[in-house]
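J.: Position chain B against the provided structure of chain A, taking the given hints into account.
The listed protein sequences correspond, in order, to chains A and B.
Using our numbering, the letters of the first sequence map in sequence onto residues 30 to 257.
Using our numbering, the letters of the second sequence map in sequence onto residues 30 to 257.
These aren't lab readings, by the way, just hints derived from the structure by calculation.
Be aware that a few hints might be false.
One copy or two, either will do: identical chains are not told apart, so a pair holds if it fits within one copy or between any two.
Cross-link-like lysine-lysine pairs, in silico, DSBU-like; alpha carbons within 30 Å at most [unchecked claim]:
(1) Lys-72 - Lys-53
(2) Lys-72 - Lys-148
(3) Lys-242 - Lys-148
(4) Lys-60 - Lys-148
2 protein chains.
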Amino acid sequence: MPRKGKSLSESVADDILAMITIDKKFNIGDKLPNENELSTELKVSRTTLREAIRILVAHNILEIRRGKGTFVSEIKNITESMGLENLSTQKLDVKDLYEMRLIFEPETAYYAAKRATDKELERILYYGRLEEEMILNNEDRTEVERSFHKSIAKATHNEFMNKLMPILYKAIDNGVILSDENKSILQNTLNDHRMIMEFLEARDAEGAKTAMKIHIIRAMKDLGIPNE
Amino acid sequence: MPRKGKSLSESVADDILAMITIDKKFNIGDKLPNENELSTELKVSRTTLREAIRILVAHNILEIRRGKGTFVSEIKNITESMGLENLSTQKLDVKDLYEMRLIFEPETAYYAAKRATDKELERILYYGRLEEEMILNNEDRTEVERSFHKSIAKATHNEFMNKLMPILYKAIDNGVILSDENKSILQNTLNDHRMIMEFLEARDAEGAKTAMKIHIIRAMKDLGIPNE
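So here's chain A without its partners, still in its complex pose (with noise of 0.2 Å):
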């Protein structure tokens, strides 16, 4: 079941770069066969696999040398389409950020509840606090919103997820056009976090964990984003 809106030739263009980076069929420099054997081996017609080659030319993972064929481009043309260095400055899909945040806070509070210091929990209660007071005296909230979270995944006391945070957090700064929040989303958050909160000073990892999922996938619920 290929996602829904993906077009054949985006298919195909995802397929090409697979061959590229998974397979490593085809390395950097080098020329692609020919567009005779290259659509029989994918089994598209050649209209499709022209409009491929044009999608990952734009993406600068192809290039075209006149009149001597199309070849895999310089290593830096690749690390820059493909990595992660720049993953916080590209627009990516609201969803697959939702759906990382899903996968990957609640296992931050699941963590932090069991290994957050004294001084760490007192910084997360603190925050909650905050965050709490401005919602309920209407300010805005998006700072102290994120030194929430921020300061759940750095009492992880794991490097890994203590930086991976702010990348997730740039990268939805980036792509996220938020609808205004309502009353039910602030109302929402007072709940979710007061729940997280309770649950980290009782150190019941579980239960810090669940309630982090049900304050994401509301939050999924609340935006509109879809969660299957």
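T.: Below, chain B without anything else, positioned relative to chain A:
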């Protein structure tokens, strides 16, 4: 509960880092309060504080300017020290990386079971079978192993997951010194991969996720990485 083995000065260094990155109490270029004030605020001795500052200086997060005081380093250094950009080139804790795999990879199997195109599923099975053969023939399977896991990540159709995967593996390359593989690791890999492939082929998302979880837990056990 501070993590076992973390000294008091390391934990104070952590705390100062959080005051910069989470609390935004000190910004880039800011001068820190003098030793007396800061040690009182952090409730630690001046000796401990000095050691903590030394750690942060070594990580380019703080810098001491002779006769002027201690300052938060320029943004470039902070970014370099903090960013995920170079996460894959840093030596990260093996446990941190496997913990992240444990969170992340079962979910890739889950979404791959739901979303893989027929072609993507074919690619996953191709690498799975190729790896089986290589294990049985005592050949080096490092590359094929990675292609197997990467092709699963690709089949999630989630751009963020797809890009996170190579970073995770690059970091593992840099950080992990694996002991020689023994018979039991090879046998477990054979069994686990077969399970993962079966569930993926049956498009059983929960099954694929659980089989992948077993696979990572077992790898951690075989490598002696604590899972707690």
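J.: Confirm or reject each hint.
T.: Outcome of the hint check:
1. Lys-72 - Lys-53: For Lys-72 and Lys-53, only the intra-copy Cα distance (20 Å) is at most 30 Å; the inter-copy one is 56 Å.
2. Lys-72 - Lys-148: Intra 60 Å, inter 11 Å, cutoff 30 Å: inter-copy only.
3. Lys-242 - Lys-148: This pair counts as within: shortest intra-copy Cα distance 24 Å, inter-copy 32 Å.
4. Lys-60 - Lys-148: Answer is between; shortest inter-copy Cα gap is 23 Å, intra-copy 57 Å.
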